[in-house]
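If you're matching positions, the sequence shown starts at 1 in the UniProt record's numbering and goes up one per residue.
If you are wondering where the hints come from, they were derived from the structure by calculation, not from laboratory data. Do not rely on the hints blindly, as some may be mistaken.
Straight line, CA to CA, 27 Å or less: simulated BS3-like cross-link-like pairs of lysine-lysine [said to hold, decoys possible]:
#1 K140 x K126
#2 K72 x K56
#3 K136 x K126
#4 K136 x K125
#5 K140 x K125
Label-pair ranges, simulated between beta-carbon atoms [stated by the list, open to error]:
#6 A36 x L156: 44 to 54 Å
#7 L111 x L49: 56 to 66 Å
#8 R127 x Q41: 55 to 65 Å
#9 M114 x G84: 38 to 48 Å
Values in this document were obtained by computation on a predicted structure and should not be read as measured data. In this text, a Cβ means the ideal position worked out from N, Cα and C, and glycines have one as well.
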Amino acid sequence: MGQIIGKVSGKQWRENQLRRISDEIFDRIRSPFGTANVTFQELYIAVLLVYNDINKISFGAYIDPPSKEQIKAEIEKFDINHDGELSREEFARFISQVTRETILTAGRRLLITMVIAPTIASLSKKRAEGVPGVGKLVQKTPHPIYASFVTFSVLLFQRALQT
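Produce the entire structure from the sequences given, and follow the hints as far as they go.
Okay, here's the thing in structure tokens:
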């Protein structure tokens with residue numbers, strides 16, 4: 001189990017996954033136009049697609065993609081040959097930089113919701129059994145259902161704070 005967690009949480013694994021995603025999006029954006037590189041307009045569409053995918057799997061509030069102005073400012077750093085287009089390598093580095101903070105934020109939300117909340121539920125069940133009025137209900141509730149309920153409550157609380 002520890003080896004699997006080490007593989008999934010490793011830096012190399014994350015970089016490989018991000019590279020795979022950026023290659024897929026590069027091919028998806030580039031294919032309708034048949035060009036070798038990605039123009040600014042295609043790049044903006046690609047960033048929107050990446051953020052759309054991130055928001056589909058992310059817990060909490062919607063994460064806004066960078067604006068066109070922010071992307072224009074960033075593209076100059078990655079366009080090595082200054083032709084106004086990004087090659088596959090330039091595109092992969094660009095996507096990695098633009099999504100770095102967003103991926104960290106989404107990871108923190110996932111960790112809180114899927115790891116910390118069930119752990120707290122497990123540790124607090126005995127305490128909740130002693131609460132008048134709800135204690136008997138907590139005693140009769142199976143542990144997995146109780147942990148799921150607490151996790152769902154934390155998720156709802158996170159969403160309420162984000163809006």
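Hint check:
no. : hint                   : in the structure
1   : K140 x K126            : 12 Å, holds
2   : K72 x K56              : 25 Å, holds
3   : K136 x K126            : 11 Å, holds
4   : K136 x K125            : 11 Å, holds
5   : K140 x K125            : 11 Å, holds
6   : A36 x L156: 44 to 54 Å : 47 Å, holds
7   : L111 x L49: 56 to 66 Å : 25 Å, violated
8   : R127 x Q41: 55 to 65 Å : 57 Å, holds
9   : M114 x G84: 38 to 48 Å : 42 Å, holds
Violated hints amount to a single one, hint 7; each of the other numbered hints is respected by the structure.
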